[in-house]
Amino acid sequence: MKNNRHLMQRYRVKWLVILLCGIGWLMWISPIVFANHRGGDGHGHSEVSDFDESAGYEIPGASFQVYWKEGAGLVEVLASGKKQREKSIQAVVDAFTMMVKDRIQYKRFDESLTKGVLQNVIIEPKVVNREGKEFMFLVARTKHKGSVRLLINASMLQEQGFITHPEQLVPLLAREFQWVISKSDTSKMQRKRPETRDLKHAPIQTRKAIGGMSGAERETRLQKLFEGYLTTVDAFKSLEGQPYYELGSDKMLTAAQVNSATHFYDIRVREALQRIVLDSEFLQNTPKAVRNLLNGNIWNVSFVHIDSRDWATRTRVLPRDKAVNVGKKEKLIQPAKILINLHRKALPEDPYYTLTNDLPMGALSTSQLAQVISLEIEHQIIEKSMRGHVAADEQSAP
241 MKNNRHLMQR YRVKWLVILL CGIGWLMWIS PIVFANHRGG DGHGHSEVSD FDESAGYEIP
301 GASFQVYWKE GAGLVEVLAS GKKQREKSIQ AVVDAFTMMV KDRIQYKRFD ESLTKGVLQN
361 VIIEPKVVNR EGKEFMFLVA RTKHKGSVRL LINASMLQEQ GFITHPEQLV PLLAREFQWV
421 ISKSDTSKMQ RKRPETRDLK HAPIQTRKAI GGMSGAERET RLQKLFEGYL TTVDAFKSLE
481 GQPYYELGSD KMLTAAQVNS ATHFYDIRVR EALQRIVLDS EFLQNTPKAV RNLLNGNIWN
541 VSFVHIDSRD WATRTRVLPR DKAVNVGKKE KLIQPAKILI NLHRKALPED PYYTLTNDLP
601 MGALSTSQLA QVISLEIEHQ IIEKSMRGHV AADEQSAP
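Here our numbering is used: position 352 in the sequence shown is 592, and no number is missing along the way.
It is worth saying that the hints were derived from the structure and are not from the lab.
Given the structure is predicted, the values throughout are model-derived calculations rather than measurements.
Here a beta-carbon is modelled for each residue, glycine too, at the ideal position from N, C-alpha and C.
Keep in mind that the hints are not guaranteed to be accurate.
Between beta-carbon pairs, the in silico distance windows are [claimed, not checked]:
id, residue 1, residue 2, range
1, ASP425, VAL340, 18 to 28 Å
2, LYS569, PRO483, 40 to 50 Å
3, GLY452, MET396, 29 to 39 Å
4, SER607, LYS569, 56 to 66 Å
5, LYS341, ASP561, 17 to 27 Å
6, LYS477, ASP438, 24 to 34 Å
7, GLU457, VAL340, 29 to 39 Å
8, GLU467, ARG325, 14 to 24 Å
9, LYS528, THR594, 19 to 29 Å
Full structure from sequences and hints, please.
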């Protein structure tokens with residue numbers, strides 16, 4: 241009996257040693273156990289290279305594939321079962337398949353497919369950024385210029401029930417493609433703008449010329465104004481480190497980086513301005529807004545977060561003694577600034593109140609934001625040019 245007990249103890253010790261050696265071997269051959277806590281730049285995280293590139297899952301109609309990669313640590317490597325992996329992969333594949341079928345509805349996703357900027361999608365047990373914060377999605381640049389990867393957190397997919405409801409994952413994935421496009425853009429012009437405006441060569445247009453342009457021509461003119469004359473900016477740096485609104489709701493999303501909210505709103509404000517000059521409905525319903533954007537009267541669109549102010553949008557116009565000569569014909573302009581207080585709601589007396597569905601400015605869709613900005617310019621740009629209103633504005637400046 242004692243001999244049997246002794247043999248059993250030796251047998252257990254032997255297998256314990258084998259198990260420990262096996263774990264040690266796994267840690268030695270798997271740099272992924274430790275590497276994923278190194279951050280990437282911006283919204284992303286570390287360069288992803290240690291996954292089987294021959295084991296991808298295809299998306300019909302898409303050039304990228306979906307991969308599974310063990311990562312984040314030894315606990316996740318041992319705990320991520322085959323069943324969870326299969327469900328996570330299938331949910332992501334199903335969600336992307338739905339998006340490809342209706343790609344026109346998802347502007348940024350459609351753009352990414354057209355440009356081919358998404359190299360692949362990597363699903364991991366856990367996804368963290370450079371500070372160790374966990375996120376459902378992160379976008380990481382690759383070694384190839386203009387190409388990015390989308391990283392997806394399998395644990396969060398399971399926790400939030402998306403692995404059994406891929407259709408609910410679609411809107412979240414669609415929103416993430418603003419970062420896919422943004423991080424794949426390697427042009428320096430996107431964020432670095434001239435410190436001073438070249439007023440003489442500003443490509444402003446006459447009222448008659450604007451009326452004869454097509455929507456595409458108006459959008460091209462706006463893009464040229466973006467190159468130095470018309471700016472969009474968080475003027476008071478009030479959004480640094482701040483969360484930002486999920487589109488269409490009061491829910492706020494945690495910023496992945498200090499400038500995430502600023503970058504997010506900068507993209508959306510520019511998209512709204514482009515829609516104003518491109519869509520013919522704005523030329524018909526708010527012609528002053530279209531003209532003032534293209535003829536140089538709008539100098540800046542600022543998106544801010546100021547709790548102490550009760551306004552949601554505000555037009556500010558420089559007084560006549562601070563007017564500037566713009567363009568080759570040196571047109572005298574009193575530059576205007578449009579301010580959008582993103583965390584405020586419109587008041588019932590505002591001309592665009594019914595458009596907002598009682599949501600803060602930062603939660604409005606691009607279409608709603610375009611209508612709000614155009615109506616603000618339409619109703620206020622001329623009135624605010626009068627000296628009395630300018631003086632009142634000067635007294636109530638933030």
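- Query: So which of the earlier hints does this model not fit?
  - Reply: Violated: hints 3, 4, 5, 8.
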